[in-house]
Amino acid sequence: MATPVVMPQMGESIAEGTIVRWIKKVGDAVDRDEPLFEISTDKVDAEIPSPVAGTLIDIAVKEGETVAVNSVVATIGAAGEKANEQGAAALAEAAPANSPPPSGKAQPQAAQGDGTPTKTVSDPSAATSAPAPAATEVKDDDQDTAGSDDGRRQKSSPLVRRIAKEHGVDIRQITGTGISGRVTKQDILGYLDAPAADREPSRAGSGEASPQRPDSRDGGTPPSAPTWSGGGDEVAPMSVMRKKIAEHMIVSRRTSAHVYSVFEVNYSKVDDIRKARRSDYEQRGVKLTFTSFIAKVAVDCLRRHKIINASIDGDNVVYRREINLGIAVALENGLIVPVVKRADDLNILGLSRSIADVADRARAKKLNPDEVHGGTFTITNPGNFGAQFGLPIINQPQVAILGVGAIEKRVVVIDDMIGIRLMGYLTLGYDHRLVDGAVADQFMADVKKGIETFDASQV
Amino acid sequence: MLANEYDVVVVGAGTGGYVAAIRAAQLGLKVAVVEKQKALGGTCLIWGCIPTKALLEHAHALKVAQSGKEWGLTGFDPAAVRIDMPAVHARKDKMITGLTGGIEMLFKKNKIDWIKGSARLTGGKAVEVTLHDGGKQVLTATKEVIVATGSAPRSVPGIEPDRKKIIFSDEAIHLGEVPKTIAIMGSGAVGVEFASIFKSFGSEVTVIELLPRLVPGEDEAVSAELEKTFKRKGIKSLTGTKVTSAKAGAKGVDLEIASTDQKTQKMTVDVLLVATGRGPVTDGLGAEAVGLTMDRGYIVVDQQFRTSVAGISAIGDVITMGGPHYQLAHVSSMEGVVLAERIAGHTVTPINYDHVPRCTYCDPEIGSVGFTEAQAREKGYDVRVGVFPFKALARARMAGETDGFVKIVADKKYDEVLGVHIIGPRATELIAEAVLALRLECTVEELVKTIHAHPTMSEAVGEASHAAHGAAIHM
Chain E
1 MATPVVMPQM GESIAEGTIV RWIKKVGDAV DRDEPLFEIS TDKVDAEIPS PVAGTLIDIA
61 VKEGETVAVN SVVATIGAAG EKANEQGAAA LAEAAPANSP PPSGKAQPQA AQGDGTPTKT
121 VSDPSAATSA PAPAATEVKD DDQDTAGSDD GRRQKSSPLV RRIAKEHGVD IRQITGTGIS
181 GRVTKQDILG YLDAPAADRE PSRAGSGEAS PQRPDSRDGG TPPSAPTWSG GGDEVAPMSV
241 MRKKIAEHMI VSRRTSAHVY SVFEVNYSKV DDIRKARRSD YEQRGVKLTF TSFIAKVAVD
301 CLRRHKIINA SIDGDNVVYR REINLGIAVA LENGLIVPVV KRADDLNILG LSRSIADVAD
361 RARAKKLNPD EVHGGTFTIT NPGNFGAQFG LPIINQPQVA ILGVGAIEKR VVVIDDMIGI
421 RLMGYLTLGY DHRLVDGAVA DQFMADVKKG IETFDASQV
Chain B
460 MLANEYDVVV VGAGTGGYVA AIRAAQLGLK VAVVEKQKAL GGTCLIWGCI PTKALLEHAH
520 ALKVAQSGKE WGLTGFDPAA VRIDMPAVHA RKDKMITGLT GGIEMLFKKN KIDWIKGSAR
580 LTGGKAVEVT LHDGGKQVLT ATKEVIVATG SAPRSVPGIE PDRKKIIFSD EAIHLGEVPK
640 TIAIMGSGAV GVEFASIFKS FGSEVTVIEL LPRLVPGEDE AVSAELEKTF KRKGIKSLTG
700 TKVTSAKAGA KGVDLEIAST DQKTQKMTVD VLLVATGRGP VTDGLGAEAV GLTMDRGYIV
760 VDQQFRTSVA GISAIGDVIT MGGPHYQLAH VSSMEGVVLA ERIAGHTVTP INYDHVPRCT
820 YCDPEIGSVG FTEAQAREKG YDVRVGVFPF KALARARMAG ETDGFVKIVA DKKYDEVLGV
880 HIIGPRATEL IAEAVLALRL ECTVEELVKT IHAHPTMSEA VGEASHAAHG AAIHM
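So the sequence lines, in the order shown, correspond to chains E and B.
Heads up: the first sequence at position 427 corresponds to 427 in the numbering used here, and the numbers run straight through without jumps.
Adding 459 to a residue's 1-based position in the second sequence gives its number in the numbering used here.
Honestly, the hints are just simulated from the structure, not real lab data.
What you are looking at is a predicted structure, and each value in this text was computed from that prediction instead of being measured.
Beta carbons: idealized from backbone N, C-alpha and C, even for Gly.
Honestly, I wouldn't trust all of these hints.
Here are a few chain B residues that face chain E, going by a calculated C-beta distance under 8 angstroms [what the hints assert, rightly or not]:
hint, residue
1, 808
2, 812
3, 874
4, 875
5, 899
6, 901
7, 905
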């Protein structure tokens, strides 16, 4: 019996994915959970394991092609089985009805499974059993596509939710033009008609002429200045991730009024604690880094300065209930920001472990899809490579980002004496639309104080 | 602010103008309304909606009394029951006086000045009023002038109403006695409503419609049902038929009519009611002189009701947005509200004219909203339809009103409710649920899962939605 393999829903807001590479080719035998292909979406890259054991009998989507989630990309049959046109088509229809709805309620459950992206692939056994016609006609009416875990619900209509469900669209991505920002039929149809690159939530920057964008669906790069190409230049296409990064950076610049504050921080005390406790932590499999301390202090300060842990939604300020900490991780050809959810629930051990875990898995392309979504504040670490300080771009729709500069011994003046201390610069990039200089500086002063007077008993 | 200076000056106190005035005043604006009639309320209150529906209530009362035997009423001879027109008019006129007086009260409450006279636009945001006593008064609006002058019945070329025997609806509401025979040109809302009224009052009624079916704006199934019930009630329908000439003489009106197959025919009736539509009222307004762009006599406006001249907006029956515009009281009122809010600085979204309820108070009533089945198919929807007849409904049987049905037109793909067409008892009330359904972009599923109280006429809407999904419960 043939089992369809579908493009998984890699996160609530993701409508499509690109096949980067087929790890298996037609005719290869695959085990259940063995990596089958590699995908790239605008949020995450991942290896997708096979839902069943068998033989790969058909590849429907070639490398480099982008398809909507739940589209059938391959078929796996019993050994020696041939791909069957009819069967594949029937299964293609069946799959969306059985795959988890792209709702905020259902998705986190899927994501909290065993940590592999397998969970987001529709259950193959469910997909093969033909659903009764009635099941597709009358769907449960209480399933809203808009989830409530985001602190607010996007207003929409039953019809919009129906269309969203069918197309696997997260309604919160759509700007509503109806009463009180309600997403209307016109809004969602316009969204679906728009090239994928144009599907940015236009939550801000209204009144500003949006820049021209390419029309092609996968041409997601923002406009660039005309360039010239010399004789020996190498021309290479941008990866999906590169294009998405480019797009997100431009959108963020256009959206937020970026302003920066730089503070110099004395890490001597933290360094003492770190040295004293490092081996204890290593025995528990955790590396105690400066980032752990900075993250812990930042999270504690975010709890006190809730406007830094907020978003702008139209004319409203959304104060986030949770503190979900994004950690920027440099990859070979790009950058990804996995999120440590509810970071304020964790002590420094848990925080260190979580940060190391998501960073490792980010580099190994093993991130769970929702681990790159829902961040409320981000820490980035340009100091890793020696930068004194960086001026990072805000990760939308957040309103602030903390940049950690190189930590090194410097000559400092202490009580009119010259001493050597372990020093570093911290930069806060913040959105002046919401956060004023005084507020940002109070937050940063708090962070500085927290690091310089870190309570050793917490570690 | 100077004596004659207002934030907003409204020309016309019909359902568009007076509602715009009240809404503007509620939002803190100083408002004057120019109205030349002796009462406020315009066509709706004085010649249209209110008096006709009042007559329909009398017709209904008569119908019940005449079928008194069936209802078990004794103490009188049902066969001898007749309508007393002077008494009918007295009750109707008293009610109208009450309602127009009510608007005057609302004006006082909201500190709106009623300037009694005829308005002429004089350029900019100024309006010159020729007062009833002959004097002139110039009003200026600091924010906006609203033109809401409405419409009046209009005939077709070759048919000249003398307003005695060849009449418009304006006269039909005042007829001192019931004509023995009446022909009605046009089977739109006005035509079929008067057909029902006069039939009930005892006239011999003939409806002459140029197009191939009655109520040509409605869903075809509704037209067929109305024609069927009209026939049973003894109302003659001549569809696909044109009145080629009408001459009023001593004995009545001599008509020449020709059907589409060119067969001509003569007939004589006591009264010919011309119900072929309504045209814009802009006489003496000076609309063209101040540079308003006009289209076949209508004032051209955009979706925010702005005319081609800055500071002058227009709403209601007098406007066009580049095609036929609904000439309905409730449309003009909503336009008035939206416009007043826009003038007060609110952000307003344009009205969705696909969601306008259309109510026709013939017997049986018609209420509809959204696309007809044919329109939905024309727009490329994969259509599914659910129909439920009133004769299968307990409440309709109690009322003895079992003609008609509820028909839901839906999109198969997304289950969207595209249109609802009701002909039958309380259809004009039942349509409200459907209007909300369209407004909120409901799917049929929502209607299926909405609990409809029992026993009510509204159950027919729930049943029709079940039918659209496969099968009604009680069929």
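Hints versus structure:
1. 808: For residue 808 of chain B, the interface hint holds, since the closest Cβ of chain E sits about 7 angstroms away, which is under 8 angstroms.
2. 812: This interface hint is violated because 14 angstroms lies over the 8 angstroms limit.
3. 874: Interface hint status for residue 874 of chain B: holds (6 angstroms vs cutoff 8 angstroms).
4. 875: 5 angstroms, holds
5. 899: Hint on residue 899 of chain B: holds, closest Cβ of chain E at ~6 angstroms, below 8 angstroms.
6. 901: This hint holds: residue 901 of chain B lies near chain E, its Cβ roughly 5 angstroms from the closest one there, short of 8 angstroms.
7. 905: The hint holds - residue 905 of chain B has a Cβ within 8 angstroms of chain E, the shortest such distance being about 5 angstroms.
In summary, the one numbered hint that this structure violates is 2.
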